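Here our numbering is used: the first residue of the sequence shown is 11, the next is one more, and so on.
In short, the hints are calculated from the structure, not lab data.
Among these hints, one or two may not hold up.
To be verified - Label pairs and their calculated CB-CB ranges:
#: 1; residue 1: T14; residue 2: D79; range: 26 to 36 Å
#: 2; residue 1: P130; residue 2: R29; range: 31 to 41 Å
#: 3; residue 1: A21; residue 2: E216; range: 10 to 20 Å
#: 4; residue 1: A313; residue 2: P20; range: 17 to 27 Å
#: 5; residue 1: E281; residue 2: D240; range: 20 to 30 Å
#: 6; residue 1: V289; residue 2: D264; range: 19 to 29 Å
The structure displayed is predicted, hence computed values, not measured ones.
Note that the Cβ used here is the ideal one computed from N, Cα and C, for glycine as well.
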Amino acid sequence: MCRTYAETLPAAGLRHGDRIANLFAAGELYSSFIFALNSLQRSPIDLVQLPVTGSAPVEFTLTTMQDFDANVVAGFPTTLCRLAAHVVAETGALPLVRLILFSGEALYDDQRALLAEAFPNAEFRSFVYGSVDGGIIGTAVLGSDDPRVFRSFVDSSVPEIVDTETGRPITSPGRPGRLLQTDLTRRLQPMIRYPVGDLAEWVDREDGIFRLLGRADEGARIGPVTLHLDHLRAAVDRAGVVHNGVQVVIRRVDARDQLVLRIAGEVQDFEAVRAQVHVISPRFELQAGRGTVAPLEVEWVGALEVNPRSGKTLRLIDERPC
Numbered sequence: 011m012c013r014t015y016a017e018t019l020p021a022a023g024l025r026h027g028d029r030i031a032n033l034f035a036a037g038e039l040y041s042s043f044i045f046a047l048n049s050l051q052r053s054p055i056d057l058v059q060l061p062v063t064g065s066a067p068v069e070f071t072l073t074t075m076q077d078f079d080a081n082v083v084a085g086f087p088t089t090l091c092r093l094a095a096h097v098v099a100e101t102g103a104l105p106l107v108r109l110i111l112f113s114g115e116a117l118y119d120d121q122r123a124l125l126a127e128a129f130p131n132a133e134f135r136s137f138v139y140g141s142v143d144g145g146i147i148g149t150a151v152l153g154s155d156d157p158r159v160f161r162s163f164v165d166s167s168v169p170e171i172v173d174t175e176t177g178r179p180i181t182s183p184g185r186p187g188r189l190l191q192t193d194l195t196r197r198l199q200p201m202i203r204y205p206v207g208d209l210a211e212w213v214d215r216e217d218g219i220f221r222l223l224g225r226a227d228e229g230a231r232i233g234p235v236t237l238h239l240d241h242l243r244a245a246v247d248r249a250g251v252v253h254n255g256v257q258v259v260i261r262r263v264d265a266r267d268q269l270v271l272r273i274a275g276e277v278q279d280f281e282a283v284r285a286q287v288h289v290i291s292p293r294f295e296l297q298a299g300r301g302t303v304a305p306l307e308v309e310w311v312g313a314l315e316v317n318p319r320s321g322k323t324l325r326l327i328d329e330r331p332c
């Protein structure tokens, strides 16, 4: 997989002689650092890779980038923003950095503003679109200025975009739907029409080019953490909350993602709900404690929002800017 993906690195904007600070996550069963490490080692262009990891102190990361004249930075947007804030505070800017490669999360306008201040000469590009379950789903498209546009791995997978209500395949461009992935290489655990959890639209179906439009309703991506909607509802139930429904809302607060549980019912025990959410996702508790994501918020409402066309309750509402 890494060897195949390495052939697409020039489309992501890499050039001969680039010095790349690899800030992706390592350890705790995360694969992003190892994937980036192996892919960059197999690159068809000559590169220098600095294996820093995203868990390194920002002081060490900045010093390493300065010592080795790093001109490319790769990592999760939250990791990159934490570094950018330190760069602005300590040195003002790193004008040598020409390319920022992000993956694992969407990149929002407030994050772009901070990154542009720290790295004023940098272009923003997506490193890869994929998941642990789905593997590589899409790669950068050469010449595209939109980091949400990807080309599917047509030789090893079959992507589909289906209507959110009927499940029927969408073939026309510009029409949103849920993205499904079928992997043609896995044999021990076949993956057929797997819902990757995102909404997308076709740009050029014949060429396998699509644009991501945000999260679907299988899971909520909060910064670098994914929480399954059914697990969140179960957490509310285990907290002993009496309710008439649960709705998950994602917002941007102080340049951070925030998870909001909107519960139909009377005001009850917030701390019990938060404790159960931390039980189902210790990683969310960790990232909230670090300030990477905003703390959990619970809203008690009389009624939940519904789809105006079908009248069905919306399980997930993403209020973040596209």
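Looking only at beta-carbon atoms, does the pair T14, D79 fall within the given range of 26 to 36 Å?
Holds, since T14 and D79 (Cβ atoms, about 30 Å apart) stay within the stated range.
Starting from the hint 17 to 27 Å, judge whether the C-beta atoms of A313 and P20 obey it.
Given about 52 Å between the Cβ atoms, the range is violated.
Hint check for D240 and E281 - Cβ pair distance inside 20 to 30 Å
holds, 22 Å
Does the hinted range 19 to 29 Å hold for V289 and D264 at CB?
With a Cβ separation near 26 Å, V289 and D264 satisfy 19 to 29 Å, so the hint holds.
Has the hinted range 31 to 41 Å been met by the Cβ atoms of P130 and R29?
Violated, since P130 and R29 (Cβ atoms, about 18 Å apart) do not stay within the stated range.
Is 10 to 20 Å a correct range for the gap between the Cβ atoms of A21 and E216?
With Cβ atoms ~18 Å apart, the hint holds.
Of the numbered hints stated above, those contradicted by the structure are hints 2 and 4, listed in ascending order.
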